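Asks: Residue-level listing of the chains:
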Amino acid sequence: MKLAIDETRCKGCNLCIKVCPYKIFKEGKRPNRRGIVVPELDRPERCANCRLQHLYGRRLCGVCELTCPDQAIHWIEEQPYEPMKVAIEY
Amino acid sequence: MTFEDWFRTDRLPHIYCAGCGNGTIINCTLSAVDQMGWKKDDTVFVSGIGCSSRAPGYIVTDSLHTTHGRALAFATGVKLANPVLNVVVFTGDGDLAAIGGNHFIHACRRNIDLTVVCMNNQIYGMTGGQGSPTTPWGCLSTTTPYGCAEPAFDLCELAIAAGANYVARWTSYHVKELEKAVKAGLETPGFSFIEAMTQCPTNFGRRNKFKQVADQVEYIKTHALLRAKRDRMIEQGEKVPDDFFVIGELMRRKRPAMGVKV
Ligand SMILES: Cc1ncc(C[n+]2csc(CCOP(=O)(O)OP(=O)(O)O)c2C)c(N)n1
Ligand code: SF4
Ligand code: SF4
Ligand code: SF4
Ligand SMILES: [Mg+2]
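Chains as they are written, first to last, in the numbering used here: chain R, 1 to 90; chain B, 1 to 262.
Hints were generated in silico from the structure; no laboratory data involved. Since this is a predicted model, take the numbers as computed values, not measurements. Just so you know, even glycine gets a beta-carbon here, dropped at the ideal spot from N, CA and C. Hints should not be assumed to be uniformly reliable.
What the hints assert, rightly or not - Here are the simulated DMTMM-like cross-link-like pairs (lysine to aspartate or glutamate), alpha carbons at most 25 Å apart as the crow flies:
| no. | chain 1 | residue 1 | chain 2 | residue 2 |
| --- | --- | --- | --- | --- |
| 1 | R | K23 | B | D215 |
| 2 | R | K23 | B | E4 |
| 3 | B | K211 | R | E27 |
| 4 | R | K23 | B | E218 |
| 5 | B | K221 | R | E27 |
To be verified - Partner residues are not named here, just some residues of chain R that face chain B (Cβ under 7 Å, in silico):
| no. | residue |
| --- | --- |
| 6 | R9 |
| 7 | K11 |
| 8 | G12 |
| 9 | C13 |
| 10 | K18 |
| 11 | V63 |
| 12 | L66 |
| 13 | T67 |
| 14 | P69 |
| 15 | D70 |
Only chain R is shown next, with the shape it has when bound in the complex (with noise of 0.2 Å):
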């Protein structure tokens, strides 16, 4: 699974950055061609629904999703063999 925010949705409230608690979404530098400032993401394979979703078989944290106002934030699925980046937390 993968984090991804939809920028035809999202109008920059930067509620996502205040309520991850891996500190995923920072704030965005440049606006977009609708003039909004999307916020970026930070190593997004630190979320723990991109990682365990799958093996636990339901929506884990979702914070993020539930908290966004517009609905902008989502999970897509990988394509078969994207390259994928392995996050390890200590």
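Assemble the complex: chain R is given as a structure, and chain B with the ligands must be docked to it using the hints.
Replies: For chain B with the ligands alone, kept in the frame of chain R given last:
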């Protein structure tokens, strides 16, 4: 299934301002509804007028977007005419407690089998930021330019006193708890009232020194007092600060209810 399936995605993005907490409350409510395993054809969303009350317009099920303050009157009609339907009401503090105040207490008294989610942003958001019955003491709005000089309504206490079977209060920060509370409300026969304290950055935050959306959410988070902690403070004779509000499940009981599916 996820709560995303309940949205009319062709209508998104919605009209709410950036950072408006209403979107969060809708997510939590739909997530709870989704977990109930209800059919979309058997579920009805009802609302009055206000930013909060626009919520049903973004949901795929049948819905009623009624007149200001009358959501509960319409919902009562729907539920009593056809108790098989699952009826969920979205409302705002102005809609529920100001113009709709009488419908609120009588729906609680009759204990009609509805689940009411009130998005309390402590302001009339849609009409440009007039003070509402829940605007806290000292807060600025267009109708209280020197600070609100009236005590605010405690909607949960009101619902408890009037007879609701389930009453809880959470905030737009406590998303998981809010989701669970709405689910508990949906499961409870009789009137369930869930108050969700939320931010209105445009009309409340802007006038009350919250420069960023996150600042107001932080304020809400730090001024929410868990019920158990409040009880402990009272037990130990400590004073609960005036600007704090209680969160948690505040009532669960089994008074006789109307409109319950048999
Ligand atoms: C009978 C009637 N009176 C007044 C209005 C104007 N009006 C529209 S929305 C609103 C207040 C809504 O406040 P609230 O329920 O708190 O919703 P919010 O926008 O804050 O979510 C008012 C007074 C109206 N539409 N109809
Ligand atoms: S919470 Fe949603 S709308 Fe707000 S910045 Fe994050 S992705 Fe965008
Ligand atoms: S699901 Fe949780 S850990 Fe993953 S990005 Fe969202 S808030 Fe962060
Ligand atoms: S005016 Fe306030 S309540 Fe209405 S959409 Fe904007 S932020 Fe939300
Ligand atoms: Mg309001």
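Asks: Hint by hint, which ones does this structure get wrong, listed from lowest number up?
Replies: none
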